[in-house]
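Under the working numbering, read the sequence shown as residues 8 to 175, first letter to last.
Calculated directly from the structure, the hints in this document are not laboratory data.
C-beta: ideal position from N, C-alpha, C; glycine also.
Treat the hints with care, since some could be wrong.
[What the hints assert, rightly or not] Across the chosen pairs, the derived CB separations fall in these ranges:
id : residue 1 : residue 2 : range
1  : P174      : P139      : 36 to 44 Å
2  : S65       : A34       : 38 to 46 Å
3  : S65       : K86       : 34 to 42 Å
4  : E53       : R144      : 28 to 36 Å
5  : S65       : H26       : 30 to 38 Å
6  : P41       : P112      : 31 to 39 Å
7  : R69       : D19       : 39 to 47 Å
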Amino acid sequence: MVHSVELIFDTDTEATVRHIWDELRDAGIPSQAPASRPHSTLTVAERIDPEVDDVLSSLSDRFPMPCRIGAPLFFGRAKAVLARLVVPTTALLAVHAEVYEMCLPYQHPGPMANAQPDGWTPHVTVARRVVPAQMGRAVRVAGTPIEIVGAVVGLRRWDGNAKREYPV
8 MVHSVELIFD
18 TDTEATVRHI
28 WDELRDAGIP
38 SQAPASRPHS
48 TLTVAERIDP
58 EVDDVLSSLS
68 DRFPMPCRIG
78 APLFFGRAKA
88 VLARLVVPTT
98 ALLAVHAEVY
108 EMCLPYQHPG
118 PMANAQPDGW
128 TPHVTVARRV
138 VPAQMGRAVR
148 VAGTPIEIVG
158 AVVGLRRWDG
168 NAKREYPV
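Please construct the entire structure, taking both the sequences and the accompanying hints into account.
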């Protein structure tokens with residue numbers, strides 16, 4: 008499993024994303040339900056030392072931060088991940104770059120390539136293992152509402168081995 012540092016959302020945004028998960032599941036699409044909680048991953052590695060929490064706490068004054076969750080998108084083709092784009096803003100990209108740099112000394116063996124500032128796509132995963140025959144239906148379900156306006160309220164460190172979150 009992996010460890011990650013993630014953005015977490017306000018309760019209304021979280022509830023809207025959970026509703027999308029439920030709608031996808033009810034449509035027979037392998038949704039995230041009942042996954043942990045809606046989030047957007049900033050950085051990910053095989054292991055992230057817990058000591059990073061103290062370092063990351065210096066970013067707490069950045070939150071809450073307005074956010075918009077927009078269009079659906081796929082990662083992959085045969086068994087794709089379906090996500091909703093977190094619309095990148097200057098503030099969001101700055102937080103990502105700072106978290107990335109702050110976490111470098113605590114990640115082992117190092118961050119995965121999709122977390123690097125020049126290769127990161129901010130998103131919220133809504134389904135996994137979506138096959139081509141499900142993609143049209145999945146986009147119709149996951150694309151409602153067209154836009155989710157909310158807020159990022161903070162950070163968490165996720166330990167995928169223990170399936171446990173640590174608020175920062």
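Each hint tested on the structure:
| no. | hint | result |
| --- | --- | --- |
| 1 | P174 x P139: 36 to 44 Å | holds, 38 Å |
| 2 | S65 x A34: 38 to 46 Å | holds, 42 Å |
| 3 | S65 x K86: 34 to 42 Å | holds, 39 Å |
| 4 | E53 x R144: 28 to 36 Å | holds, 35 Å |
| 5 | S65 x H26: 30 to 38 Å | holds, 34 Å |
| 6 | P41 x P112: 31 to 39 Å | holds, 34 Å |
| 7 | R69 x D19: 39 to 47 Å | violated, 20 Å |
Hint check: a violation occurs at hint 7 only; the rest are consistent with the structure.
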